[in-house]
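The listed protein sequences derive, respectively, from chains A and B. The first sequence begins at 56 in our numbering and counts up one residue at a time. The second sequence begins at 822 in our numbering and counts up one residue at a time.
Treat the hints as calculated values from the structure; they're not laboratory data. Possibly wrong hints are sitting among the right ones.
Just a few of them, taken from the derived set where beta-carbon distance is under 8 Å, the chain A residues facing chain B [said to hold, decoys possible]: (1) Gln167; (2) Thr270; (3) Thr272.
Remember, it's a predicted structure, so these values are computed and weren't measured experimentally. Cβ atoms here follow ideal geometry from the backbone N, Cα and C, with glycine treated the same way.
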Amino acid sequence: MDILSILINGLNVGVIYAMIALGYTMVYGIAKMLNFAHGDIIMVGGYAIYVFCAMSGSLPMFFGAILISVVVCTLLGITVEKVAYRPLRGASPLAVLITAIGVSYLLQSLAQIIFKSAPKRVAVPDLGKIMIGELGIKVSTLITLAVSVAVMIALSCFIRYNKIGRAMLAVSEDRGAAELMGVNVNKIITITFAIGSALAALAGLFYLLQSPYMTTTFGAMPGIKAFTAAVIGGIGSIPGAMVGSIVLGIIEAVCDAIPAVAPYKDAVEFSILIVILLVRPTGLLGKKRREKV
Amino acid sequence: MKNLAKKIISAVMAITMIAVACVAFSSCSDAKKNYAANNTEFYIGASGPLTGGAAVYGMAVKNSAEMAVEEINAAGGINGVKIKFVMMDDKHDASNVSTNYATMYEAGMQISLGCVTTAPCKEWKTLSYEDGLFFITPSASADIVVEYDNAFQMCFADENQGTTAANYVNENVSETKIGVLYKSDDAYSTGIFNKFKSTLSSSKTLVEASFSGETVASFATQISQLKDCKFIFMPIYYGPAAQFMDEAKNDVAPDAIYYGCDGLDGIDTSVEGFDISTIPQEVSYLSHFNSQATDGAAKTFIDKYVSKYGKETLNQFGASAYDCIYAIKAAIEAAGNKIGVTSSPSEIGDVLKGIFGGGFTFSGVTGDSITWNKNGFVNKSAIKYIVKEKNS
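Chain A extracted, bound-state conformation (with noise of 0.2 Å):
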């Protein structure tokens, strides 16, 4: 196994757990909190692209799929915020944990008895792959990356540029303050996960591109790795969470390769979570916030 081939496996998953690191960091960034049914929203959103795609398999339905995973994905997220995250918004963060991880299993039970928990082949177009000499790089790989660039710019540029965007960053700044000047938080908030549910959708989608098999546990170890990435590369900067999210999947694709480390490599990705927390908590890319006392 020469190295090529471990970068190349390694950037297939990368990107995949880059797509959801960016949902996840931005909730994080601008709600300030770490939204764990993330996974989930991924799953449910890859159950509505394949509901859509039994229909029939023909490319505009494809294309149609896509467009109604990502309406539901957003309205998901949406109504998960109201109704299980808006009323603790006074308490204390552990509750609100305790409180995504109640909506992830929520979610996931309800999907077993909608759709069972037999796996489920999913009718995506197949891409193929381009050759470079001998070696193969799957086009969904290069799509993903593509894609998740491109949204990682055009967050930046939202954040920075446009109105709403702005009120954004103010309330992850300070959240009183923002009030006081006249942003509606609980608007901001909203739009924020909606936003961070759409990437959830596309993260579905990209996710079956590449290997085409529902279950209802789909988005679960991908959510925490992805989170896992989100937190090496700085939980709450977006070029961080698309930076850690390739050194993870690196990795992983060269834990895989030594057939005698294969079986430990979630301990192996998850211990590296935990010497980053001790060494260099804000991430690799994280700013060193100074506190005034």
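Could you slot chain B onto chain A? The hints should help.
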């Protein structure tokens, strides 16, 4: 004065609590209560994955066992006594087993089919050994499941599956590079893999690839490790196997052979949307049941099962469970009046383990003239079941 009163009251309360606790704990270690003393039917219990990724196996076992029990009860039961069969969901997770076991045991369970999958059954074997409860599992195949003398298997043990597969490769496969894909966090998969590896001839090179977790984002790494192999052994479940074969179909040579064990059962029927004819390679697995049989006991079972439950959960796990119920019936009949409907689990267990380990022969859907060793392993012939031929 107040302080002294407080101290005395708290001391008295503490002593009372300790005394009550002692009484409670001592009554727990009293002579084993026979919960079956009021039974009016033989209570056969089982635990299996009725939900989750392995649900197709748990449901097959539940449906088939219920079908067998209905047939036996309709014909008058065992020596005139009907059977009550109860199966609880363990979601293929060993941590759910002790609750299931306790619930059924205290409801009067006397005999059991144990668990459907290996990891939960390792828990069951310990619990049932303490109570002397007999079990014959249709499919929990790890060797260690039958470690104690109250345990028997209707399915091939992993030792058997791993060894049979390796011997098959040593004798029939001319390739020197043999690939294997196993799931590193699954006792079933690693058990078979280890035995396969140690039995494989030293003239073969083994290329190992593993994965872990309930969902796999992509098998790209494993595919690049295995793509030059012409024979790939897969002691894994059908879900990940289908996903791997799908992702690998343009990378692995079209004349390669995929060879698995009982976990591959269902690969052609139970993954919705997966069409096995799109896989160019040959796919086969080790089995004790041919789900496309055209005659014999297997065909009769298939017809009855499909008309009652449909094809989706037709697999060797169900056929094996059907045989387990009928084998228990035959053994109880052979025991005569040593076993009665109110006999305790340990009394029944003593008699049954003597019968099964003492030359008992049974013919059913999953084999003719099946016998057992004293240590619980089954003796019967294996078939290499070709699910799908190589595409020409």
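Here is what the structure says about each hint:
1. With 8 Å as the threshold, the beta carbon of A/Gln167 comes within range of chain B, its nearest partner Cβ sitting at about 6 Å, so the hint holds.
2. Here the hint on A/Thr270 is kept, as its CB sits about 6 Å from the closest CB of chain B, short of 8 Å.
3. Hint status for A/Thr272: holds, given a least beta-carbon distance of 5 Å to chain B, under 8 Å.
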